[in-house]
Amino acid sequence: MVPALSRIGTMILRCGRIGKWLPLQCSRIAKRRGPMTIVDLRDVTADMLAQAGGKAVNLGALLRAAERVPTGFCVTAGPLDRSQILSAYEELGAGPVAVRSSAAVEDAPDASYAGMFDTVLDVHGPEELLAAIERCRASAGNARATAYAVSDSRSTVVGERAAPAEVGDPGVEMGVVVQRMVAVETAGVLFTANPVTGNRAEMLVESGAGAEAVVGGTTDVDRRVLDGNDPLRQVGERLEALFGAPQDVEWAIDKDGQLWILQSRPITTLFAQPPQTEGPPRVYLEFGHVQGMLQPVTPMGMATLKDLIRAMLAPLGLKVEITDIGGRLYGDMSDLVRDPIARRRLIPLMAVDFGPRAQAVMRHVLNDPRFAPQRRRSRRRAQSSNSAQPIQSARAAEGAGSGGGAHTSNSVQSVGSARAGGGAQSSNTAQSSERTPTSEAAQLGNIAQSSNIAQSSDVAQLGESVRAGGSARKGGDGRSGRRVPAVGRAVRGVVGALVDPDRARVRLQAEVERIRRQSADDGRELSVGERLALVREHDERGGGADAIIWPIVAGMLASALPPRLLGEVARPGEIHAVLAGMPHNVTIEMDLALWAVARAATSADDADLTEFLRVYGHRAAAEVDLGVPRWSEDPAPVRAALATLMRVSDPEQAPDVRFARAAEQAEATLRELGVRARRRRPVRGRVAIFLLGRARRLAGLREAGKFAGLYRLAELRRHLLAAGADLAAAGVLASADDIMFLTLDEADDALSRADAGVGGLREVVAERRAWYERECRRRSVPVALFSDGTDVEAVIEAPADPGALKGVGASAGRATGPVRVVHDPATARLEPGEVLVTATTDPGWTPLFLTAAALVTETGAVMAHGPTVAREYGIPAVICVPGATRHLRTGQIVTVDAAAGTVTVQGGSR
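Position 215 of the sequence shown, counted from 1, bears residue number 368 in the numbering used here, the numbering being contiguous throughout.
I should point out that these hints are in silico values taken from the structure, not numbers from a laboratory.
Any given hint might turn out to be false.
Once the Cα atoms are required to be at most 20 Å apart in a straight line, the calculated SDA-like pairs of lysine to any residue come out as [as the list claims (entries may be wrong)]: (1) K459 x D901; (2) K459 x G248; (3) K472 x Q387; (4) K459 x A686; (5) K959 x G1036; (6) K959 x V1058; (7) K959 x V948; (8) K472 x D488; (9) K472 x R497; (10) K459 x K408; (11) K459 x T476; (12) K408 x P526; (13) K472 x D485; (14) K408 x G248; (15) K408 x L385; (16) K959 x D901; (17) K459 x R497; (18) K959 x D941; (19) K459 x P428.
Values in this document were obtained by computation on a predicted structure and should not be read as measured data.
Could you put together the complete structure from these sequences and hints?
Here it is as structure tokens:
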């Protein structure tokens, strides 16, 4: 028996737009008798997420927006009412239906759970329907969904609250969507932004024959970028505007040529887009990766860091606007790359701290015609020339914790490098290889100038400064009441450090100690307003910056010049060996101090950390973000490291033994290299050995600027937490550390609210905490971005390799590892770091991704479940590689390059 409503429903399905459904208002499928079990999809709203699930909520929004979506209903979480379900099914027409899971966590902005839960298509009859609903609900606890949830939840967050229940827990329930089946001729997926490159201006479509042609990943698909007149592009623009974010849209065309929207969900893996600007494209370079900061910066930390970096860069003449993109610090490099003078120095000056990935990105940008050099007026050119000078000088100025805001650290080691200059350290130096310091320093400037050594910005500036050393040092200074020009101060500071490194080091250490004392808690009782005022004024306490800046720059200069001076005289690896085991590196000293605690401890949990935390308690992971707890507040990370150290059983692997061994080898290498260099290059060789000796006494100081700046950050954090505690007591915030999720202006506003007895900012903080926790789960951060959101690395193709297998990059990244060819996931044994190679994948394969270094398949689509999960796990994936399981053998070492879409066997043989 087929009721009249069935025939009406069939007509509705064929006619399309929901706006024409007014005659059916009297026949709503929603059943609200007793416990809410059945709800018409048109009535599912965002406030029903917990009962109906993410898929149903999105479908409801599509239907209310008059998009052509198959009619249906949602079986909400909770006890099933068989009679209500069958009644709704009858009213739907009792024909073939699609039954889909709709969990609350599904199709969310930060996690798609694509293919993690079950879908049953072409379901006929009441018994099949009930069985399909039970199957979808039971899939909440399946192995692949649980593995996905565990992977997605791994993170360390600031002020972490209790974790939500994971998928698979008994308390997690699931809604189920039941919709009329569409007789599909062609189906596909529309991405309103390119999911691999991030380009927001590109819409990508994949399509094939059959309902599961694309998302199933089992057949070949057609792939194309949409032009402006394509109807699918118009659909994409509407849905992106509806949901306010780029969408992954499943669609189908039926036998009558009608286009149906089957579902729409956010593209979860896209990194944030840079702020929109007028004019030509812009390029942004990520600064935090040099600090090893994958996680985002808290809002308070971001505001403070941006101010500090601006204050540090301004006196050094570097014009780089710091931009918050996805909670990370990006520098707008657009003006520099378009400047005809600055662009020539850009790649070399990035070598030390930004590294080859950033250099490769910027080479690509410099070759992009959109960033071609532009003529500027002479005055602007002069300013730009100055601005090109010291990214590295600025990095060396890193924090000179005491003045002008430089105290944040290596903040401009682009926001810093916590790395040791050359490895471990040593207290001995090769003084026997030195000649008269002043004469060597005088020759240095001439050689640096004539040999074109000045490749990095600080070397370029300081080479000329040292060359002018004699006359510049006779210039005025503060003691005579005359202001010393910036170049004169640089000359005096750098040459002074090279001539007498021990004196320079003593002055630097004294300045660091002064900053420590100045930043200590003086015990005063201050109001919230007074504390916030102190935070705002933190960069106004000057004095002593030169004592930290110039010895660091001198050490960098002394380390950077010798390789060019010596050329082939230095054997491969010799310079690195000389620069290992250097003394006076505060980070290495910290590690050795912890090793000393480990040697004396019987248990990591009971070890006495009092003295260690007195000296190093102002440090932490991601320490340049003042929103992050310091070790003095939470020593758990220190105890974890201590436990690792206590497992060292081989005396030869003890940190102090390895350090001493590196230092001894460095001294021996320097002596041997000195003899050879003076014999083969009497002038340059003598200067190079002089510099290497100075580098061993100065380069280890590089961490001192950051170390000093961290005292200041700890002081600011102390004031902010005290202010936060008062605001929490007033009911404006929920806890003291909530203040880290506000800006300073908002904290002032919170104070005003507290004084006025007005409501607080708890909702704002809760939203930002949720955002922060989502971003903490992000597994990769772009090195550089174009203003359209493109990850620059994702569009850089590797040189053509005729020996490489070619496919399509489906998840960005590059990885090298041994192959593991797998034909059946049930019998697979994948070791950590292996490259999973298979003919195809479906959701049942995804638990293997947890240990895989990369994914290679013979078929598939960018939006198939396998590549989607690979992107969210952050592993590279190359799909559509013909014959991959035949050409590749288990155990071969391959490199998977998603940007090039290649799989290359190391050694070239297949």
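Hint check:
no.	hint	verdict
1	K459 x D901	holds (18 Å)
2	K459 x G248	violated (60 Å)
3	K472 x Q387	violated (40 Å)
4	K459 x A686	holds (18 Å)
5	K959 x G1036	holds (10 Å)
6	K959 x V1058	holds (12 Å)
7	K959 x V948	holds (16 Å)
8	K472 x D488	holds (8 Å)
9	K472 x R497	holds (16 Å)
10	K459 x K408	violated (57 Å)
11	K459 x T476	holds (8 Å)
12	K408 x P526	violated (54 Å)
13	K472 x D485	holds (9 Å)
14	K408 x G248	holds (17 Å)
15	K408 x L385	holds (18 Å)
16	K959 x D901	violated (57 Å)
17	K459 x R497	violated (27 Å)
18	K959 x D941	violated (27 Å)
19	K459 x P428	holds (16 Å)
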